[in-house]
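Asker: So the chains spell out like this:
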Amino acid sequence: MTARSARASWIVIAVHELRGLWLSAKGLTVLFGYTILLSIMAFIAASEAQLNLLDARESVGIVVQMAIGLGTLAALVVSADAISGERERDTLEALLVTPVSRRALVIGKMVGASSMWLAGIVVAVPYVVAMANGPGVAADALFVLVVAGSLVGASLTALGIAISAVAMSNRVSLAAGVGVLLVFAAPSQLPAVTAKGALGAVLVAANPVSAGLKLAGLVLIDQETLASQWTLLISPVVAAVVLTYLAIRLSSRVRLGGAR
Amino acid sequence: MIVRGAFTTLAIIVFVPLSVFAQVSQDVELVVNPGSIETTLGRTERIEVRATNTSSEKVGPFAVHVDITDPASESSVDPEDWTPTLTQEVEGLEPGESNTLIWNVQPISNGAYSLYAVALVAGSVEVAVSNAVTVRVESARTLNPEGILPVAVALPLVVGALLALNLRRSAALRRNRNARLTK
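Protein chains in written order, with this note's numbering: chain X, 1 to 260; chain G, 1 to 183.
Just so you know, these hints were derived from the structure itself, not from any lab.
Bear in mind that the values here come from a model prediction, so they are computed numbers and not experimental data.
Please note that a few of the clues may not be correct.
Only some residues are given here: those of chain X computed to face chain G with a beta carbon under 10 Å [unchecked claim]:
#, residue
1, Trp22
2, Ala25
3, Thr29
4, Leu31
5, Tyr34
6, Ala45
7, Ser47
8, Ala56
9, Glu88
10, Pro126
11, Gly134
Chain G is nowhere near these chain X residues, computed Cβ spacing over 12 Å in every case [as the list claims (entries may be wrong)]:
#, residue
12, Leu95
13, Asn170
14, Arg171
For every residue, glycine included, the Cβ atom is placed at its ideal position computed from N, Cα and C.
Next comes chain X alone, as it looks inside the complex:
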């Protein structure tokens, strides 16, 4: 297979995945649930901010953190279904007999699943702009949402695809993906005193999910500058690159049976 045809085949798979996700009810159902949860959280945060029970910046930080958390969860759920779902629905065989390499299959599916997070960003922008208008932090909030959120979203999409490539069933793939997300998110729930300690700070910064959420908190709530906190983007960048590479490497393990 030539490089050009290999390039074309992942585009074909990506287009097929995008159609499957957005022209069926799957993607829009997840997005509908995402908007409902975001609306509830934004309304509660805005109510608290209006009554001065919550700082206006803090309410923006909560909405951005919620958008990143829910958006990446949605992307993980969709990507965890990508290959193990095909295997479970007995449609993987049809894909594997097509003249498409397994690598192109995985890359195409990763691009398709990434659209879930992109849709999450598009939907979250109006909430963030409406909330950030008061305290005047719209630019910072959008930067954190788009940059930190996209890196975390890309990491977890690649993770979901990697798990999906080797998981025996969809249920195992989803459970493993959500379990890993919970482990990733755990350091962001450390008590303030522990998180400020040397070990706690390293744990938070080394973990792509907690680092992204921490960046949102520091910039939007604690009024730190983006320039002073850019190091928190290191682990999301590293995770996005490493997990994408891992997912592509694991493409050779995509088989009809015999997966773990």
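With chain X held as given, fit chain G onto it using these hints.
Answerer: Chain G only, in chain X's frame:
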């Protein structure tokens, strides 16, 4: 000689603080103003606590502490949610001298509460107590806080409408396919 010195030290340790405690509890008058407060949720209210030395001797230093409670016990109150600084220090008051301390309190839930202040010396067993101020807090929820309501309603509606259209289209495609298969 040593025994006498020890008794003197003990007398200083025991009696001097006791005399200070007595002065604070009996000779300091605390008055909280305003006498009652009607407010709405989210507003900040200024509370003045005037401490006056009503004795003929200097009193202090002592601490003045504000507390808030719900006398009807309908809700639990954490005063630190209302104001970050509950205790303030008074260096000392000369006879007849007054010192007014300010607290800015922000109620975090609606209801009827009592606010009062006490003056005490560290380790004291007695306190001087102020009048109790009734704080009535009305709820102040609005339908469109910070202008978020249009966004919070419109986005789920738009996505929900797209989902409904999608489901309808899928159902129509399924019906057509079944019709073709039947033919």
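Asker: Now, for every hint given, state plainly whether the structure supports it.
Answerer: Each hint tested on the structure:
1. Trp22: holds, 8 Å
2. Ala25: Holds, because the Cβ-Cβ distance from alanine 25 of chain X to chain G comes to roughly 6 Å (cut-off 10 Å).
3. Thr29: holds, 6 Å
4. Leu31: holds, 5 Å
5. Tyr34: With a closest approach of 8 Å, the tyrosine 34 of chain X hint holds.
6. Ala45: This hint holds: alanine 45 of chain X lies near chain G, its Cβ roughly 8 Å from the closest one there, short of 10 Å.
7. Ser47: Nearest chain G Cβ about 4 Å off; hint holds.
8. Ala56: Holds - the Cβ of alanine 56 of chain X comes within 10 Å of chain G, reaching about 8 Å at its closest.
9. Glu88: Hint violated; glutamate 88 of chain X Cβ to chain G Cβ min 21 Å, cut 10 Å.
10. Pro126: Holds. Min distance 5 Å.
11. Gly134: Nearest chain G Cβ about 6 Å off; hint holds.
12. Leu95: holds, 21 Å
13. Asn170: holds, 21 Å
14. Arg171: Its Cβ never comes within 12 Å of chain G, the nearest being 25 Å, so this holds.
Checked against the numbered hints above, the structure violates only hint 9.
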